[in-house]
Amino acid sequence: MHPTVKAARIAGAVYLSMVLTAPFSLIYVPSKLIVRGNATATANNILAHETMFRLSIMGDLVGQVIFICLAIALYRLLRDVNRTWAWLMVSFVLVSAAVGFLNTLNNVAALILFRGDEFLTVFDQVRREALGMLFIRLHSQGQFIDEIFWGLWLFPFGLLVFRSGFLPRFLGIWLMINCFGYLVLSVTALFFPLYYEAAFRFSQPVLFGELATMLWLLIKGAKVTALPVTA
Amino acid sequence: MTEPIIQRSPRSLARIAGVFDFLEGLASGFGQIIIPGMLVVAGNAAATAANILAHGSLFRFSILAALIGIACHVVWIFLFYKLFKPVNRSISLLAAFFGLVAVAIQAFSSLLQAAPLIIMEAGQSFSAFNIEQLQALTFMFLRFSARAFNIYLAFFGIWCVLIGYLIFRSTFMPRILGVLEALAGLCWLTFLWPPLGHYLSPYNQIVAAPGELSLMLWLLVFGVNVERWKEQAAQHSLGL
Numbered sequence: 000m001h002p003t004v005k006a007a008r009i010a011g012a013v014y015l016s017m018v019l020t021a022p023f024s025l026i027y028v029p030s031k032l033i034v035r036g037n038a039t040a041t042a043n044n045i046l047a048h049e050t051m052f053r054l055s056i057m058g059d060l061v062g063q064v065i066f067i068c069l070a071i072a073l074y075r076l077l078r079d080v081n082r083t084w085a086w087l088m089v090s091f092v093l094v095s096a097a098v099g100f101l102n103t104l105n106n107v108a109a110l111i112l113f114r115g116d117e118f119l120t121v122f123d124q125v126r127r128e129a130l131g132m133l134f135i136r137l138h139s140q141g142q143f144i145d146e147i148f149w150g151l152w153l154f155p156f157g158l159l160v161f162r163s164g165f166l167p168r169f170l171g172i173w174l175m176i177n178c179f180g181y182l183v184l185s186v187t188a189l190f191f192p193l194y195y196e197a198a199f200r201f202s203q204p205v206l207f208g209e210l211a212t213m214l215w216l217l218i219k220g221a222k223v224t225a226l227p228v229t230a
Numbered sequence: 000m001t002e003p004i005i006q007r008s009p010r011s012l013a014r015i016a017g018v019f020d021f022l023e024g025l026a027s028g029f030g031q032i033i034i035p036g037m038l039v040v041a042g043n044a045a046a047t048a049a050n051i052l053a054h055g056s057l058f059r060f061s062i063l064a065a066l067i068g069i070a071c072h073v074v075w076i077f078l079f080y081k082l083f084k085p086v087n088r089s090i091s092l093l094a095a096f097f098g099l100v101a102v103a104i105q106a107f108s109s110l111l112q113a114a115p116l117i118i119m120e121a122g123q124s125f126s127a128f129n130i131e132q133l134q135a136l137t138f139m140f141l142r143f144s145a146r147a148f149n150i151y152l153a154f155f156g157i158w159c160v161l162i163g164y165l166i167f168r169s170t171f172m173p174r175i176l177g178v179l180e181a182l183a184g185l186c187w188l189t190f191l192w193p194p195l196g197h198y199l200s201p202y203n204q205i206v207a208a209p210g211e212l213s214l215m216l217w218l219l220v221f222g223v224n225v226e227r228w229k230e231q232a233a234q235h236s237l238g239l
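From first to last, the protein sequence lines are chains A and B.
Going by numbering that gives the first Met the number 0, the first residue of the first sequence is number 0, and it counts up by one from there.
Going by numbering that gives the first Met the number 0, the first residue of the second sequence is number 0, and it counts up by one from there.
So here's chain B without its partners, still in its complex pose (with noise of 0.2 Å):
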């Protein structure tokens, strides 16, 4: 049988991991946090519907991107689970239960951003309502995405909080990097608490993105101890 490339070595295993969790944090970031912080007027329905009418092109996008980076993101969260089983096969099981739940709500919370496009699109349905009943229907949708987004990064919180473990209890990544992004998992899980989470911010973020930061570009110019990684995988008799 032909090995795939993603079981030839645990440090190839690691590079892909870290480009989907690359392409994840580009795409949602963009599809999800900044094109629409650039469109959303806060607590002005008129001026972001002008915003999203005027750009619709980038609004349209900003979802196609939101999208690609759901689909990164399982792939990115299963790798993860291959990367650490060695760790603990439980745990790692369990982080990717999370992690798959938090993709479904993430992919919720895109459908609630395209919302507006139908309001904007509908035309003779929507003739019963005055334009500014219109704004104030496309506005809910995407503060109604907005809050999918924060139950979605309270359960990627989670998600990272077991993964810091899994790295701390490792013999093949350092353990400061562990101990980041249990961090960051913290930060996230503010968001359970909305009102919490937005006191907080940007110093939750601050806070949060040395712990992704430091973990991708760990993963992609260094990957795993392969040796370390094996000798783990051989105690608990787990090959490749």
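Here chain A stands alone, though its shape is the one from the complex (with noise of 0.2 Å):
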């Protein structure tokens, strides 16, 4: 096998497996256990569930690592179109996957307090359960914080598939627009959270541009013969 059509396979099985197990813990949990403005009815679930949330927890932190896998993956691969973009997109990757590991503690926090241990016992249960709401859209806040990432990381990502030349130039410019498609719903998050749900919604032809070229990754490759000798 050519090694760019190796390197592109490889990011495309990294992508995939991210893909796979991100929407566990970025949706399914959270749409199971969290009951928007109930903060008892969120304690319940999760007390109930506790496995799953810690499951999430761990495929947050476990998401974070491939993350950085699949920015290394994908730098190996675009190195050489332009090794400036390419560590630009790396470096906007790797604070993305701080940010995300941090945040996981407002989770841990939530968990903390919906348990109410021993020291907590100062605190009623009404309490307890408002503070550990408060740490759970402490965490979703921090997503949107996140998409801001996960939205700029895309935009020399875009730029070097559109140049690479070895993969089809529609896929860079789907990424590009993906890019801006983050970088609107965090802002909506911020000063229009009510209308959040439904600008995600709209926006998912958008978010689809990194599917696309996930599987495009994984199942097309890269077209060796559009490649320079060198390469």
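It is worth saying that the hints were derived from the structure and are not from the lab.
Fair warning: this is a prediction, and the values are worked out from it, not measured in the lab.
Just so you know, not all the hints are guaranteed correct.
[What the hints assert, rightly or not] Derived lysine to any residue pairs resembling SDA-like cross-links, with alpha carbons at most 20 Å apart:
no., chain 1, residue 1, chain 2, residue 2
1, A, 219, A, 15
2, B, 84, A, 82
3, A, 31, A, 48
4, B, 84, A, 78
5, A, 31, A, 54
6, B, 84, A, 83
7, B, 84, B, 224
8, A, 31, A, 103
9, B, 84, B, 227
10, B, 229, A, 83
11, B, 84, A, 74
12, B, 84, A, 86
13, B, 84, A, 79
14, B, 229, A, 82
[What the hints assert, rightly or not] To spell it out: a stretch of chain A is covered by chain B in this simulated footprint if at least three of its residues, at any positions, have a beta carbon under 8 Å from a beta carbon of chain B; those stretches are:
no., stretch
15, 26 to 40
16, 92 to 98
17, 182 to 190
In this text, a Cβ means the ideal position worked out from N, Cα and C, and glycines have one as well.
With the hints as a guide, dock the two chains, each given alone in a separate frame, to form the complex.
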């Protein structure tokens, strides 16, 4: 196999592992356990499915590690297109992963409060639940902040794909549009929180740019004939 | 292969780095220092909460500005890595690592800054707390955010010291800029122990300002000496 095709396939496979695992912590568990605006119901759900909640925290952490691996795999694939943009892409991912790692602490804090160990008995249950809910909300706020980086890294990524010559240009453009999709979502979450869910639904066609790229890398790899001899 | 603008010449690289330096300073300055400084009343949780409620949009804007600043900071740190790679590749990379960790901490401190919004909008969930308790919670998170920002400053200080060293060892920028930048880094490092940082404030900030400002202005106006940059890059067999 041509080294570039191999690098593309590896990147695609790492990407696939992220696409398969991320929705569990990001969408499935929150939708099952978190009841918006109701601290007691949320606390009861999380205590009843504590293992699932802990798994989602672990999934979050594993997801960040995969994200870093993905950045490195894509760096290997695209560094010869332009090293500067490739490094910028990696920089954004590293900061995103660091913010993501720290953000899991908010969910840990919520779990500690909901469980209400010995030392927390000075707070009655209603207050513990409210405080726990605050940390749950803070966690999702942290994801909105991370969304900025989920967007920003896609710009250099899209640009590199566009210029690569061995990946289709429309994917590059799609990725760059995908970048702005996340940025808009993040600003919506901050200023118009009520419209966030609607915005998220409408932005799906834009956000599928990543999925399309992942599938392309995995299935098609790279078009080697278009490569310069030195690659 | 078409060359992108940031690779065309070290001078434009330096200028763009200066632009992102400026943008970061402006956005973070407003987002994490000036606007919070306007709204937070030291030691008074009730007045702080009242200010935030009365200026909700301004408070939201401060968080947005902080986030824009953080994004610009990544680009700025990255461009500095490129700019000083010819001087010493390892130290330039080490500086970039410290810089990126600093930015992650900066992002975390801006997350804590968002907690008051959650508390004030939560309504039902927080009915168990009376108003004073909610105000105290809000205040605690703002203090927490300020503490996180201090930790960020310390890491940023390490970056400044390393960059100061790189400027000093470079042949393409005036040495005095390096000395001032390293001095600024030492000032930020005083926040490693917050009581010391606050005891020395605002003098540590006054000493730090010339280093940061002169470097930014130099990059924007003069950029770098292209000939010497290329010379130093060639010595380490590093092209553009």
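Going down the list of hints, with the structure as the test:
no. : hint              : verdict
1   : 219(A) with 15(A) : 14 Å, holds
2   : 84(B) with 82(A)  : 13 Å, holds
3   : 31(A) with 48(A)  : 10 Å, holds
4   : 84(B) with 78(A)  : 17 Å, holds
5   : 31(A) with 54(A)  : 13 Å, holds
6   : 84(B) with 83(A)  : 12 Å, holds
7   : 84(B) with 224(B) : 15 Å, holds
8   : 31(A) with 103(A) : 18 Å, holds
9   : 84(B) with 227(B) : 13 Å, holds
10  : 229(B) with 83(A) : 17 Å, holds
11  : 84(B) with 74(A)  : 19 Å, holds
12  : 84(B) with 86(A)  : 13 Å, holds
13  : 84(B) with 79(A)  : 18 Å, holds
14  : 229(B) with 82(A) : 18 Å, holds
15  : 26 to 40          : holds (count 3)
16  : 92 to 98          : holds (count 4)
17  : 182 to 190        : holds (count 4)
Against the hints set out earlier in the document, no violation occurs for any number.
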